[in-house]
Amino acid sequence: MIELQNAGYSYGHGSLLSELSLALPSGSFHFLVGPSGAGKTTLLKLCYGDLKPTSGAVMLDGRDTRGMGRDGLAQMRRRIGVVHQDCQFIDHLTIRENVALPLMVSGRDLAAEAGNLDQLLGWVGLAPRAAARPPELSGGERQRAALARAIIMDPEVIIADEPTGNIDWEMSQRLLSLLAELNRLGKTVLVATHDLALIRAAKAQVSARVLRLAGGVLQAGAEL
Amino acid sequence: MIELQNAGYSYGHGSLLSELSLALPSGSFHFLVGPSGAGKTTLLKLCYGDLKPTSGAVMLDGRDTRGMGRDGLAQMRRRIGVVHQDCQFIDHLTIRENVALPLMVSGRDLAAEAGNLDQLLGWVGLAPRAAARPPELSGGERQRAALARAIIMDPEVIIADEPTGNIDWEMSQRLLSLLAELNRLGKTVLVATHDLALIRAAKAQVSARVLRLAGGVLQAGAEL
Amino acid sequence: MNRLRALLDAALGDRQADRVVPPAGHTVWLTVLTAAAMAFLAVFALALSLATGRLADRWADSLAQAATIRVSAPPEQADAQVAAVAAILAATPGVADARPLEETEQAALLEPWLGPDLPLDTLPLPRLIEVTGTEDLDVEGLRQRLAAEVPGATYDDHTRWRAPLVQAADRLRTLGLLALSLIAGTLAAMVTLAAQAALAANRPVIRVLRLVGARDAYVARAFTRRYTLRAAAGAALGTVLGGIATAFLPEASAAGGFLTGLGFTGAAWLLLPLVPLFAGLVAFLATRRAALSALARFE
Amino acid sequence: MNRLRALLDAALGDRQADRVVPPAGHTVWLTVLTAAAMAFLAVFALALSLATGRLADRWADSLAQAATIRVSAPPEQADAQVAAVAAILAATPGVADARPLEETEQAALLEPWLGPDLPLDTLPLPRLIEVTGTEDLDVEGLRQRLAAEVPGATYDDHTRWRAPLVQAADRLRTLGLLALSLIAGTLAAMVTLAAQAALAANRPVIRVLRLVGARDAYVARAFTRRYTLRAAAGAALGTVLGGIATAFLPEASAAGGFLTGLGFTGAAWLLLPLVPLFAGLVAFLATRRAALSALARFE
Ligand SMILES: Nc1ncnc2c1ncn2[C@@H]1O[C@H](COP(=O)(O)OP(=O)(O)OP(=O)(O)O)[C@@H](O)[C@H]1O
Ligand SMILES: Nc1ncnc2c1ncn2[C@@H]1O[C@H](COP(=O)(O)OP(=O)(O)OP(=O)(O)O)[C@@H](O)[C@H]1O
Ligand SMILES: [Mg+2]
Ligand SMILES: [Mg+2]
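Chains A, B, C and D, in that order, give the protein sequences.
Position one of the first sequence corresponds to residue 1 (the working numbering), numbered consecutively onward.
Position one of the second sequence corresponds to residue 1 (the working numbering), numbered consecutively onward.
Position one of the third sequence corresponds to residue 1 (the working numbering), numbered consecutively onward.
Position one of the fourth sequence corresponds to residue 1 (the working numbering), numbered consecutively onward.
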């Protein structure tokens, strides 16, 4: 589904990622770890086309991201659910509307999806806060809403950047179970995290591989 | 230094915090834990005057926050360094300028503090990124910059809300040592976190107490 | 076709997409107020152009009309010379009408200078012939033929003192049209800037929309709709106010006709509804361009 | 005192605080453009007011001046009656000058109607006396005394046809002043809105400043300074453009004097620098009010 071919990236001040090669087949589950500033978020952005590699290529579903126009990318993003590290919301819409946003912009019938939406909000424990606006949520609540938005479109791929950074242990476990469940249904999952306990817990539920990013290179399959 | 006297808070939809009484003497070190949405951030905001209690009183340095005007609060905030959960920066200023912002707004001579500033940026590992703007930083780098900004004024109190949510283990240890060091110099420290490993590590370095917030009430001094 | 569909979409279209733009931003009000002020001024400029246009036309007409031929001749030859002039005039293309002045009319003209008691009938007064010409009248040719054939006749067409007035009226009309285009340009610039300000302020919103898979057209439409409607509404308000204000301007009157008479007359009122329509169109095009170029830039 | 200090601070003050406001926001340009457009229009309105003011004054003057007394009397009484009129005029307060017209002057006036060959000296022409009055001249009283003492004398002050013109000029002047205050009001409203838009857009910035201990005055000053300078700069630009445009307006001329002659003359040019100063002041007060009230509201 996602394939990096000698992909490199530089923000202009020296090369950050160099010659990364990596294939995430459909249905796989990967963790991405590495020190702060190593480029985890950058790598994830390459994987959903928010950034385009400055060398090499990134293929999404067999298509090179550099060849996709803005509308092509928009189409692709509807198939990839993303939890951003700095959960991005539209502040004047309610949490329910924010979670439903991917449905809205792709022209889906909101009424038909209402049941689905409410069930999902219940799952991540946000049902009582559904009518609140993003700035009225706690940090952990925002992260849970971001996860809900990432999976509302039933995407083929789920990419999550530090999805549990602000969440207590119990809730983390619950979100992890959700991701494991989705992976069992055939979704490809890629999670960047610095929470080693989470990874250890995950090993019990799914067959996940851990990718370690450091010094601009990737050590695939590293065990903890 | 900080004292809650039967303080309660409600955002309008039911009472969130009720009748909290708590005294943080000068030079103490406290952790604040509790599930996501329990009200940790809200409690911290009460402690630095960003919110005023809807019942009871919060005393800062012996003065009731409800009696302080906006300028009085501004004055008080220069004595309390805060690391916000959603690190707040001014996006068009560099990281160096953002960290120096408390000096700027209180009319200090920036040139005189330059050495101090650079040393601090080095300490949190941001010296090479000092000229970057906040959106160009990684999540963990932003959190470190927020901590640097919180302590640049050499405040009497340091309040940190999930300061290590996006930071890898090694860097967390380093920031913890910095906080412990400051505490030994007499600063009052209050840290909200869900990272239990961090608290365990801290016990070795300082005599910290753990406050658990759940269901709107505070269990002071709870051991892990 | 495409433009038309986009326009209709913008006017009626996707209310759901509209929700994603923050509701009552200050730049939105800035747009409304700007459009209102511009429309108000446009109404005045329009009134000025129309009034001066009318004035210039009227004067240009009367230039051709109000000429006088004076025949100074001994009494016994007067009739013959007047007849000769009449014959020449009859043979001249572009002369609509020619009429010798009655003696009583001539006396009325002279009264302020000579007093009512002057025995005009005893005087060898010159005869005056009022000539009404059309635009085709070849004044120079007529003058030469008169000089050659009727030595006592002098053609006086008042051009000397009226021409600068007509010229001035023409200039004022040009000025009014200039002001109109200036105003339209300013409106476009301001709506563009307002839209850009809104887009810049809503960059986080746009970023989120992009991240969840919104296409450019979806985002642009939301902004275009908002700003087109606001600019049109503001312009409608300004037009109404401008219309009311011009209605209270001094009336056209015979005496001060060129200075007053700035108000709209008759069918000219029908021009007013065009102002908000035009403003809406300008806003639509300006916002759309701003939105699409901003979206390409934000990348 | 406080205001003055704030103004000086705003004009020269804290460049460091200035840095915290994002540099080239679109609302800033909106302010510049708005100020420029308003200044441009203000210059026109000012020119209009001044020109119509001059015009109304000139006409009001000539109303009192350009009166004529016509003495129609048998030739043998004419000199005596003219002398009687002169005596009355000499005794009337408010008469600046009175002068009997020479026969040649009178002949020149009549030429268009009577032709150059008329033997005027054989005619019992009325005598004409040109009267130059001041504002104090009591026209009605003079008329009555003339009627009582010199039956052949008629006072003709042309009021009938000039009064509506003066009235029209007066109205235009009022209109110009109205336009000026409208423009000033619009400027203030727009700068306020622009400042509010900027404050709203920069709410995150303001929040951060607050969190690190900035006082209201510090935040307000940063915005006030920015907007005052931009509004003044924009207004200066608009004023220069407006000045250039009015300089290209048709010249005042004897013939078309009331319609043209809109340009500035002499010392009136000195009014122009006041426009950007005034705009700056308006922007300063508007922004300051907007900033302080917004800061109180954001809490
Ligand atoms: N837009 C940008 N412009 C310039 N440099 C950037 C930009 N975004 C990130 N960087 C830099 O690239 C490096 C990697 O950033 P990235 O966000 O990928 O790190 P990360 O591994 O996600 O770190 P963290 O665990 O702290 O989130 C950092 O040093 C960061 O400062
Ligand atoms: N501005 C607000 N308006 C209304 N409700 C709010 C507001 N801010 C927070 N809340 C609600 O109050 C509750 C407590 O929020 P708070 O941010 O204090 O939690 P927290 O303990 O910090 O959680 P976390 O660990 O997820 O950061 C949450 O349910 C949140 O939705
Ligand atoms: Mg990251
Ligand atoms: Mg919190």
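Keep in mind the hints are simulated off the structure, nothing from the lab.
Misleading hints may appear alongside valid ones.
As the list claims (entries may be wrong) - Coverage of chain A stretches by chain C, computed from C-beta distances (three or more under 8 Å per stretch; other residues unrestricted): (1) 22-32; (2) 67-75; (3) 78-86.
Glycine included, C-beta positions come from ideal geometry on N, C-alpha and C.
Results of checking the hints against the structure:
{"no.": "1", "hint": "22-32", "result": "violated (count 0)"}
{"no.": "2", "hint": "67-75", "result": "holds (count 4)"}
{"no.": "3", "hint": "78-86", "result": "holds (count 3)"}
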